[in-house]
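Visitor: Chain residues, written in single-letter form:
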Amino acid sequence: MGRLTKGKERYAKPPRWAVWLLSRFSPPGLEDELQGDLLEMYTYWVKRIGVSRARWQYVLAVLRLIRPLTRKRTSQAFNNSQSEYSNTFTVQPVMIRNYLLIAWRNLRKNRAYAFINVAGLALGMGCALLIFALVRYHYQTDHHHRNFDRIYQFTSRFSSPSGELNIQGIPYPFGQAARTDFPGIERVAMLEEWYAPLVAVPAAKGIDKKIKDTGYKGAFVEPAYFKIFDYTWLAGGPDDLRQPGTVVMSADMARKCFGTTTRVVGRVVRLDARIPARVVGVFADYRDDTDLAYSIMASWGSLKEHLGARPEDEPFDNTNGSTHCFALFNDRFTVTDWNRSMLSFIKKYNPKQIKGTSYPAIPFSTMHLSPEYGGVSRGLLLSLALIGLLLVGTACINFVNLATAQALNRAREVGVRKVLGSTKIQLFWQFMGETTLIVCIAFMLAGGLFRYGQILAHTYLHGPFRFTFYFSLSVIGWLTGLVATVILLSGLYPALVMAGFRPVVALAGRLTLQHAGGFSLRRGLVVTQFAISQILIIGLIVVASQLSYVRTKDLGFRKDAILTVSLPNTPMQDLSKMSTFRNLATALPDVGQFSYSMGGPPQSGWTSQMKVRFDTRPNEEPYGPQQTWIDADYVGLYDLKLVAGRNLQPADTAREALVNETFMHQLGFSRPAEVLGKFLHKEGMAPLEIVGVLKDYNQLDLKQRINPLFLTTLASGFYSANIQLNSANYSRALTQLEQVYNQVYADSFFEPSFVEKQIQQAYQQEQTMGRLINFFAGIALLIGCMGLYGLVLFMIVQRRKEVGVRKVLGATTGSILWLFSREFVRLIGMAFVLAAPVAWWVMKGWLNNFAYKISLSPLIFLMALLATGVVALLTVSFQALKASLMNPVKCLRSE
Amino acid sequence: MKRVFLGELEEVVLLTVAALQESAYCASITQTIDQQMARSISFPTVHTTLQRLTEKGFVSSQMGGATAERGGRQKRLFTVTLAGQRALIECREVRSQLWRQIPPQIVQLWGA
Numbered sequence: 001m002g003r004l005t006k007g008k009e010r011y012a013k014p015p016r017w018a019v020w021l022l023s024r025f026s027p028p029g030l031e032d033e034l035q036g037d038l039l040e041m042y043t044y045w046v047k048r049i050g051v052s053r054a055r056w057q058y059v060l061a062v063l064r065l066i067r068p069l070t071r072k073r074t075s076q077a078f079n080n081s082q083s084e085y086s087n088t089f090t091v092q093p094v095m096i097r098n099y100l101l102i103a104w105r106n107l108r109k110n111r112a113y114a115f116i117n118v119a120g121l122a123l124g125m126g127c128a129l130l131i132f133a134l135v136r137y138h139y140q141t142d143h144h145h146r147n148f149d150r151i152y153q154f155t156s157r158f159s160s161p162s163g164e165l166n167i168q169g170i171p172y173p174f175g176q177a178a179r180t181d182f183p184g185i186e187r188v189a190m191l192e193e194w195y196a197p198l199v200a201v202p203a204a205k206g207i208d209k210k211i212k213d214t215g216y217k218g219a220f221v222e223p224a225y226f227k228i229f230d231y232t233w234l235a236g237g238p239d240d241l242r243q244p245g246t247v248v249m250s251a252d253m254a255r256k257c258f259g260t261t262t263r264v265v266g267r268v269v270r271l272d273a274r275i276p277a278r279v280v281g282v283f284a285d286y287r288d289d290t291d292l293a294y295s296i297m298a299s300w301g302s303l304k305e306h307l308g309a310r311p312e313d314e315p316f317d318n319t320n321g322s323t324h325c326f327a328l329f330n331d332r333f334t335v336t337d338w339n340r341s342m343l344s345f346i347k348k349y350n351p352k353q354i355k356g357t358s359y360p361a362i363p364f365s366t367m368h369l370s371p372e373y374g375g376v377s378r379g380l381l382l383s384l385a386l387i388g389l390l391l392v393g394t395a396c397i398n399f400v401n402l403a404t405a406q407a408l409n410r411a412r413e414v415g416v417r418k419v420l421g422s423t424k425i426q427l428f429w430q431f432m433g434e435t436t437l438i439v440c441i442a443f444m445l446a447g448g449l450f451r452y453g454q455i456l457a458h459t460y461l462h463g464p465f466r467f468t469f470y471f472s473l474s475v476i477g478w479l480t481g482l483v484a485t486v487i488l489l490s491g492l493y494p495a496l497v498m499a500g501f502r503p504v505v506a507l508a509g510r511l512t513l514q515h516a517g518g519f520s521l522r523r524g525l526v527v528t529q530f531a532i533s534q535i536l537i538i539g540l541i542v543v544a545s546q547l548s549y550v551r552t553k554d555l556g557f558r559k560d561a562i563l564t565v566s567l568p569n570t571p572m573q574d575l576s577k578m579s580t581f582r583n584l585a586t587a588l589p590d591v592g593q594f595s596y597s598m599g600g601p602p603q604s605g606w607t608s609q610m611k612v613r614f615d616t617r618p619n620e621e622p623y624g625p626q627q628t629w630i631d632a633d634y635v636g637l638y639d640l641k642l643v644a645g646r647n648l649q650p651a652d653t654a655r656e657a658l659v660n661e662t663f664m665h666q667l668g669f670s671r672p673a674e675v676l677g678k679f680l681h682k683e684g685m686a687p688l689e690i691v692g693v694l695k696d697y698n699q700l701d702l703k704q705r706i707n708p709l710f711l712t713t714l715a716s717g718f719y720s721a722n723i724q725l726n727s728a729n730y731s732r733a734l735t736q737l738e739q740v741y742n743q744v745y746a747d748s749f750f751e752p753s754f755v756e757k758q759i760q761q762a763y764q765q766e767q768t769m770g771r772l773i774n775f776f777a778g779i780a781l782l783i784g785c786m787g788l789y790g791l792v793l794f795m796i797v798q799r800r801k802e803v804g805v806r807k808v809l810g811a812t813t814g815s816i817l818w819l820f821s822r823e824f825v826r827l828i829g830m831a832f833v834l835a836a837p838v839a840w841w842v843m844k845g846w847l848n849n850f851a852y853k854i855s856l857s858p859l860i861f862l863m864a865l866l867a868t869g870v871v872a873l874l875t876v877s878f879q880a881l882k883a884s885l886m887n888p889v890k891c892l893r894s895e
Numbered sequence: 001m002k003r004v005f006l007g008e009l010e011e012v013v014l015l016t017v018a019a020l021q022e023s024a025y026c027a028s029i030t031q032t033i034d035q036q037m038a039r040s041i042s043f044p045t046v047h048t049t050l051q052r053l054t055e056k057g058f059v060s061s062q063m064g065g066a067t068a069e070r071g072g073r074q075k076r077l078f079t080v081t082l083a084g085q086r087a088l089i090e091c092r093e094v095r096s097q098l099w100r101q102i103p104p105q106i107v108q109l110w111g112a
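Residue numbers (this note's numbering), protein chains in the order written: chain D, 1 to 895; chain Y, 1 to 112.
Hints are computed from structural coordinates only; laboratory data are not their basis.
Only a predicted model underlies this, so the values are computations on that prediction, with no experimental measurement involved.
For each residue, glycine too, the CB sits at the ideal point set by N, CA and C.
Worth double-checking, as some hints may not be accurate.
Unchecked claim - Interface residues of chain D toward chain Y, partial, derived using beta-carbon atoms under 7 Å:
| id | residue |
| --- | --- |
| 1 | Leu39 |
| 2 | Glu40 |
| 3 | Gly321 |
| 4 | Trp429 |
| 5 | Arg582 |
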């Protein structure tokens, strides 16, 4: 009841905001009567047409009565008796047209100035857009799944006194165990990642079509996976994935396999080119902003054939990084419930390792931004965002610089406008409007730059640098915010300065740049801009020289003209097929030496460590040496140097071993003779006799030191064929090898790759970083030069008369050029003093990622100084030369 | 001298001002037109029309008393000026002249 009356009271009055609007914007002098009349009308309307329509009528009436929507004539009609002159209102339709016209004329008159302004802002905003897209991409990853907030991922945490290791991997039987013990968990789904999946499509006749792409990922999943994550099904569905020998794929993959997405369900493909699987569903292509980019997903039941073992039978203490487990929690079973019951769960299933192992459930939403699980670090995103802000900021300040430098040209206009009755506010809005015009043009250009940048990034950058935009309301809001901020930052100051000119001073031409803002601020700005450019340029040089060092350093083995071909991904290699392939390949005229090994070249991404016992020592060595399997030809093919002893004897099982010098030293010996003939003992393997000591070579990339290593012969563990080519005709050799390979391994995929290229792949991240720095250094330098240009323009305008007097008194062009350049040489010197220590510190930190690195020579710093100096002086002299060539009569005659 | 033209809306508003006499202000005029002529006319339109009439010199205005009903705000009261009276009379004359030109039998036929 009380509420009702209160409501009635509320409606007895017209909308308050409309009343306020009328009080604020009513035609001058008419507020009183209009308010009264409308109040009466409102009561009348309420009676006749009801409250809601009355309110509506009221609002409509107010909107039609307030300025600037009423015509000027109407509002002044009643005022004639009160005052002869009416107040002018800021926004007049006629004047707006005039402002636009003048703005357009100004842009056309000063084309160079307009171009620099627009280009600078466009560059800054374009970069901001790119960085925004990048940051947004990472914060929005996988957000489109409906249950996103409830999805958790079980992970493994191994704690030891030396530290904590977190991995995404989970034991194979984990999912089944969790389902059995905790029926309260809404969904649990296991997923095994399948890198570079090889799929064969049986052809009616001839050889099968094989599809393999390292850019793709596949997976083996349980059907519950599709209840946790959202997929759109074009045909079929995930339900049949319960049965082994089934597979679902993305539309893209279906097109790759069958050339179509229709009538694909029911057809058969062969996984790994051997396991037959029926297609039971086709889903729409996944979005780019996902970490679950699996193009083909086979049933969990097919995993045992893929791995050659039953995953459920695997022990709990075997954890593989590619095995993941997702869960959907709800109110009945929350993450707290899991944490509470985890200990008893581990006690039941993994009692041996209860001390050091736990399985925390991590919210899926945080995985993408957790570096420990291979995610992107927030720090990186933050620093990128900072760079973006910096670029926009400097672009805005450049605009301010240029605009105030040009302000004097507009002084007369301002003077005339003020004399004719313009108010300060009107002038302020006029100049703000002009800025808005320029910013809007720049924004459109920035959109184009953004598009171009996206394409560039797609071709040149890898890994986390994705710039895909998915439009939504917040994106539009952000873009509007960006434009508004840029308009405010760049327009506010010049508009205030120009609107504040005093007409007498402005019209008499006695205005100097003292009226247009301070000078030291501009200097400080240029110094900052150049310091940033110099830091980036130093970074650029350091990264480039380190990468070239890495490329050319002698790694201790031969790497040119050698390619590797991977053998089928099976648990045990077929020895007879291997020898057939070897015989056929070595018979080719282009093939030189040939060797099998576990992981390809001496420096490959493959590292496996195993604890061993040396000779008669009772305990295992405290460190795990790396191990790899090679055959007897390997040492010769890669030209590894033996320090002592002999090469391995050809054998298919592990009997003898080679060790590297580091291993020898780690064992506590300095002379090779002391280890030769001794044995290495390893669980599940016959004792290995050390027959030779190899000179150290970099078996890991140059970011890491050389580790202890031993090599032995174990033919069933070979996964690579290393082939040396002895002709320059690589393409012929490759075609022939492919034929031979397909002949022997019909169910595998011929995938040659050159050793030199493989080695470079370890530095892909560094190369990406180098390219990014390249890009930002270029932009920073460009924006810096624009700032410089603004400053020199400013100085020249200010010292026009001085230049004239100097010329009259006999100054040469060169001396005037120096007059202006001197200042900038000093500024760049100052910037360098700031930049050098920062760059030194940052790059030192970066180089520490490498165990083998270049030293930071002063030459690098000097080069950066020289580069910025030359560019800056070129920019300055363009305007300075113009000033020094000017006829002194022109600037002196007016006084 | 060219005669000042009186638009149809202006004529209606001017007539209403004349009819209401002392209590002719914008709100009352709007309400009268709304009720008596069964014609939907918006307040701002009347307001504008009154301004136009003022400009043409057909009405004059002065500020009048405030009532509680209107939140203690003053009203602007309108009266028809001499020129306004003349314009109205002239207007009526033109019309009746036209009416007279219609043959009587036809007027009878219309049932008027």
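Visitor: Hint by hint, note whether the structure agrees.
Guide: Quick rundown of the hints versus the structure:
no.: 1; hint: Leu39; in the structure: 5 Å, holds
no.: 2; hint: Glu40; in the structure: 4 Å, holds
no.: 3; hint: Gly321; in the structure: 74 Å, violated
no.: 4; hint: Trp429; in the structure: 27 Å, violated
no.: 5; hint: Arg582; in the structure: 96 Å, violated
Hints 3, 4 and 5 from the earlier list are contradicted by this structure; the remaining hints agree with it.
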